[in-house]
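A.B. asks: So you can see what is in the structure, the chains are spelled out below.
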Amino acid sequence: MRTATLSLCMIAKNEADNIGRCLNSVKDIVDEIILVDTGSTDNTIEIAKAMGAKVIEEEWQNDFSAPRNTSLEHATGDWILFLDCDEELAPDSAVELRQIIDNTPYEAFFVLVTNKTETDIELTFPSIRLFRNRKCFRFRGKIHEQIVNSIIENYGQQSIGHSEIRIIHHGYNASTTHIQAKVHRNLAILEGYPDEKRDGFFFYNLGTEYLRLGEKKKALAAYLKALKMTKPTQSYGPVLVKRTMTTLMELQRYRDAVEQLRYYQTIYPQFNDLVFLEAICHIRCGRYSEGKSRLQDYLAMPPPPAWYPTETVFQGSSVDDFMKRVNALSTGKGCPDISVCIIGKNEADHIGSCIISVNEIAEEVIFVDTGSSDKTPAAAYQLGASVYHMPWHNSFSEARNYALDKAKGEWILVLDADEALPDESREKIVKLLNEGTQKGYLLKICTFLDRTLSPANCHITGQCRLFRRENRRYTGAVLEDVTLSFADDNDIAPVDITINHLHYTAEDKHIAAKRCLKLEVIRSGTAGDPLLQNYALGIEHFYMQDFTSAVKCLDYCLERIEYLPIAYLPNVFFYCALSLINNKNYDRAAEVLDQGISLFPDYTDLVYLQAITRFMQGETGGAARLLHQCLAMGETPWDKYTATPGVGSFKAMCSLGTVYARQKNYDEALEMFVQAAAFPGAFDQAVENIVFLKDKLPLPLDRFLAEKGILNDRSLSIASRILAKQGRYHDSLKYLSLASGLMAKEPAPRSYTNIIQAIDTLLGKFISEASQNLPEDSVFTKELNI
Amino acid sequence: MAANKGTISLCLIVRDEEKNLARCLKSALGYVDEIIVVDTGSRDATPDIAKSYGAVVVHSPWQNDFSQARNESIKHAAGEWVLILDADEELPAETAHKLRDLARAPGVEAWTFTIVSPVLSRKDGPKTKHLNLRMFRNKDIYRFEGKIHEQVKPSILRHNPGAVIEYSNLAIIHYGYVRDTGERRAKTRRNIAILEEALASNPADPFYHYNLGVSYFTLGDLKSSRRHYETALQHADLKAGFAAVLYRNYCLCLYELGEYAETLATADKALIYFADYPDLYFIKGQVFCDLGMLPEAKASFLKCTRFRKIPPEYTTMEGVTSYLAFENLAEICALEGNWDEAVDHITRAIEHQPSYRLLSRLCSLLQKKNYQGNAIAAYLLESLKIKRQTAARILFDAQEFEACLACIGDTPAGSEMALLKAKCLIRLGHYRKAAEALQKIHPRCHLVVEGLKQKSLTAWLRNPRRDAAMPASAGNNPGHPATVCCQAINSLIGSTATLQQQDVREHALDIALEALRLGDRDLSMMISLTVTGHKIQEAYRTLGEYVLQKGCYAEAKELLKQALNSGSATKEIYYLLGTACANLNLHGKAFGYFLEAFKQAPENELFAACALQSLVNECLAFVINGLNLEKNNAVLRQELFRLTSLKRKLQYCKEAVYSADRHSQPLHDCQKRGR
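In order, the protein sequences belong to chains A and B.
Numbering follows numbering that gives the first Met the number 0, with no gaps: position 78 of the first sequence is 77.
Numbering follows numbering that gives the first Met the number 0, with no gaps: position 378 of the second sequence is 377.
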């Protein structure tokens, strides 16, 4: 039997980077190559000719079908194969391709086009690329041109066969610029489409182009239109559904995505990626157990038919990665029935991490929105919370109780929108409620004082946040309290479970706005109770770093100690002393602290602050004695007082070291700093202090650090940074070099943050030293934007 | 206007162009039918020169409006076609010859030309090219518009929307961009004044802002340039003719400012719309090179070489798709130690532009490939068909003296080859033969001075030193400083007299350098001592500085360290030592010296900048080491960009200090930018 001949038809413009690869992949199996060039300015044509192509030059007319059809006009083979320049025939498909055209009754074939990306195979979908050379088979559509309709019209759907021939598409692997150029060109064509030609396929393509540009909302709108106009049986249906879902997910509309995914799982029951995507939605929302069970469903499904777009990697994470994650984070169900109650207003910075942190253990999440103007309620909804709106009446209790009213769970966990549970707290809560016997629990609220979230810079307070529902009510417009609704204080037990308060991680302007609002709420909520008002305002002013106002308010309370509820008293001493110290009013601080210590002798923070006061007053002996006392007392009991971690340990050690150094007792000082360095929260400060004493060391600094077991890139970078600040450039460079050398021995990925901080300090110090001596209009000063 | 078919009127507007005008008119004479020169107030011989070429000279007072003047010139034109030139332009012969053909082409309303602008006055220097409409049918309705950067195209298209405007594929040479002329700066300042005035009535006009960007860039005021480009980009339509060039120039400006991340981002953005613009890839290549990101740089330059043609409407730097790209590729391969590929690329570059610089580079690369002198000579002469004399010069510079001699042959062609032969022989220790070769220098050739120095050396370098038997004069130059110098040195060998005259001193140091190169340190120090009044420290310092200026950094460093040890440590010596070390890439040492200089004179901006630059280089080394271990560490990558930008800004700072105070510039710069 005579062998059928095969023509490769292509169109190209400036494809010099790609065309060689494409032609090489087919040069042994095609009988001729027809290339229509639409105006290349690179050497595409030369390469094609060198590889035996017949090249036709045609002016580009914003219409992909025109040059494609020109190429068909010139083809003489029995069959046509068409490829884009950024595609190639998979090596193992050549034989099949030749065989298939030699003995087949079909008019055309679907082949599988696989998109290759840097990480892994992303997407495979079927496309007609192989068909008989007939005059009646021509491309249609100015863009995303298709031949399929002309084949169906002439020979019917059944004339098209399926094949396992694979084509690999490299287009999305190219440089971003190259893609963007193509996208803009494509969009220009699509936007010129007349309305009557705008079908489901059109909107699908439009959405895809928008997606490539990162315009997710526009993409979603186009996809949703496309879904309405597309029948499930249409060949691009599965791809469209999948892209719509991933776009919803990109827009963090997880609730909508889950709803839609469940629907389409009934339409395409074999399409396992839809289950995978649902699992990812749950995981993103913090519902790890649910995610895990869907992942297991996914893994149990048989492989889908070849024409479903499949992927094994989602945004760089494989199924295994997801599995590892959920295994680490899922607490397993069998968890008590918890309703999480959250109130908040304009908390878009925080609400996501808050809800995600509790979804795993919450039976339900109630979010009461007290009048947000931002995306807070929408975000809460998409993460699965039941969202309620209530007008704000300047009463925290009212809002909290509103949330309690909506809750149905056996247990209540109360959070603020700017709080979140750390991972380990979830496990602890489940265990506690399964085993504990109390009606309520005091949890550790850890307020971080800066963005570093350093355990060395936070305040811890105990609050009753977890309790049996049992119609508990909050009282108090501000400083709202639920404990008053417990008959017996012994019903509430402290537990070592932390809630992180992330207030200071928001943008500065948001923080300021929130604090102002809070002041207003306090003023109106405590109208008629000046004592309570001054107490609440005093603390608020302290956190706003308005120490003078804080002292004024808290002094008001101190003058009326006997009228103040005993529970507030320790805080008055603590915040008042802190504010006074910040204002450098040490004499008064000492007085306040003496009084406080006599009333609350187990409050380590007060002793610590007293030591600081003594030190600032020059009484190093007294300071040392007090600091030793702190070490003997241990940390402040957080269930009784506002506590600063470290005052009974590393903070006291560092301060003691500083006191010894002042007394020129360097050996003792160094010993203290070395001890403090063993605490993660105090490492930097301790090392800094050791570097300050560099010249007093018995050994060179690096050897000293090595001897004490604290020689690493971090301590060396700190050394470099401190020495740079002192203008000791050569020393600074030396330690930088040592740090960099040590770092090189670490396994990847390495964290260079410390080294870079040292570099920047070093350069910054020299720049500022130099510019001090130079006039403001010197080139040096101007060029370096000082 | 009832003009004769195919006649051409050349129209110019001029003021004080006596230096340029003749070149321009001469190039067009005989190819146009009349010349109209509108003079807007020359105070020099411009009108007379114009008349001497038969031009009709019209005096028209300058009204701060280029279009007004241009239109005045067209008004007097009688030809069927108008050709517009500026006085600082010239028609290449090919263009002049083909003007008539253009004028006879049916259906064409106007012609565009490629304006080729050399950027430096040297012949093989870089050239930019851009497109401009310069010839159009002489009709009353076609008039120039815009007070500056006046254009006639809008008026043509408005009156005749279907007008055919064709690209002539011909060049006009424009000398106005030659950067190293003060004249250019004056013109730029004048243009800025006009543009600012025009902007007052139309503050958002992107075209004015674009041109202001160009003008400030020419003046070196990069910050103003950037500001105007950014405003232009805000208002420009991507379809505007100058949009692509605007992006390119903005990228260039950002690059020169050291804003690497932004340069890349802007170039990528521009490539979305102008993917066929090779200059954008070229700029990216340069950025990656500066950042030491060699694979990325290589990909960018390779991309440049794949372009077959550049759309004529894009302003482009000549060579970006050929010799400039290949040269950069060669340098990248050299940095990677891939000598084979480097040689291939530099050879491709030479095929496009056989400049001396590229040939020298080829030679040094071949040496890296362990080519022997004769093999290099064969490559130059046979594969590349380089002239023997050029090959000889290159071989000498590469210290391939035997091969150089072979290339010159037994009978050197001309004085220069004779001198070169002698220099080779001296280096090979054949002093007598060298002296013979020196006899072949023609006594009236200027090289006779150099010959004299070399001849003296042949005597002085011997052991024991000999009397050079000084002639009374060098060639036709009795009393020439070189002669005086040689005589003086000769008579003073071993004595303690001094040479104080400045011009003599220069020659003496030159001889001292030559002696140093030839390995006779004693002789060179002896000479240096004679010019410095026998003060040891001064002698080391003077010689060290001179040697440093000539690029012999290792020798300079040793001499300057001697200077430091033989007297008080002055800031000048520290600075010079720092410069020598920086050029030897010993940045830690360089920083130490610069820091000492800076401590002595904290008010000295140059010392501060140099010290900081060394410090940055030292820190960069840590970052680069890290990146070598972990290519994709985002934190390091960001720091790489930051520090490299800082380095570039400091370079600017140094250059600005130099140019502000040229006289005090003690040295040529330590780190020249670019390759």
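Careful, some of the hints might be misleading.
[Stated by the list, open to error] Below, a list of computed lysine to aspartate or glutamate pairs in the EDC-like style, where the Cα atoms sit at most 20 Å apart:
(1) K764/A with E595/B
(2) K181/A with D267/B
(3) K588/B with D776/A
(4) K12/A with D275/B
(5) K238/B with E190/A
(6) K181/A with D275/B
(7) K781/A with D267/B
(8) K781/A with E255/B
(9) K646/B with D16/A
(10) K26/A with D91/A
(11) K222/B with D776/A
(12) K781/A with D275/B
(13) K308/B with D16/A
(14) K744/A with E629/B
[Claimed, not checked] Here are some, though not all, of the chain B residues that point toward chain A, as calculated from beta-carbon distances under 7 Å:
(15) L301
(16) F306
(17) E415
(18) Y552
(19) E602
(20) K630
(21) A633
(22) E638
(23) Y657
[What the hints assert, rightly or not] Coverage of chain A stretches by chain B, computed from C-beta distances (three or more under 8 Å per stretch; other residues unrestricted):
(24) 137-145
(25) 374-388
(26) 683-691
(27) 734-744
Honestly, the hints are just simulated from the structure, not real lab data.
Source: prediction; values computed, not measured.
Where is the CB? At the ideal position from N, CA and C, for every residue including glycine.
A.B. asks: For each hint, tell me whether it holds in the structure or not.
C.D. replies: Evaluation of the provided hints:
| no. | hint | verdict |
| --- | --- | --- |
| 1 | K764/A with E595/B | holds (16 Å) |
| 2 | K181/A with D267/B | holds (13 Å) |
| 3 | K588/B with D776/A | violated (30 Å) |
| 4 | K12/A with D275/B | holds (10 Å) |
| 5 | K238/B with E190/A | holds (17 Å) |
| 6 | K181/A with D275/B | holds (13 Å) |
| 7 | K781/A with D267/B | violated (29 Å) |
| 8 | K781/A with E255/B | holds (16 Å) |
| 9 | K646/B with D16/A | violated (34 Å) |
| 10 | K26/A with D91/A | holds (14 Å) |
| 11 | K222/B with D776/A | holds (15 Å) |
| 12 | K781/A with D275/B | violated (37 Å) |
| 13 | K308/B with D16/A | holds (16 Å) |
| 14 | K744/A with E629/B | holds (12 Å) |
| 15 | L301 | violated (9 Å) |
| 16 | F306 | holds (5 Å) |
| 17 | E415 | violated (42 Å) |
| 18 | Y552 | violated (22 Å) |
| 19 | E602 | holds (5 Å) |
| 20 | K630 | violated (10 Å) |
| 21 | A633 | violated (10 Å) |
| 22 | E638 | holds (5 Å) |
| 23 | Y657 | violated (10 Å) |
| 24 | 137-145 | violated (count 0) |
| 25 | 374-388 | violated (count 0) |
| 26 | 683-691 | violated (count 0) |
| 27 | 734-744 | holds (count 5) |
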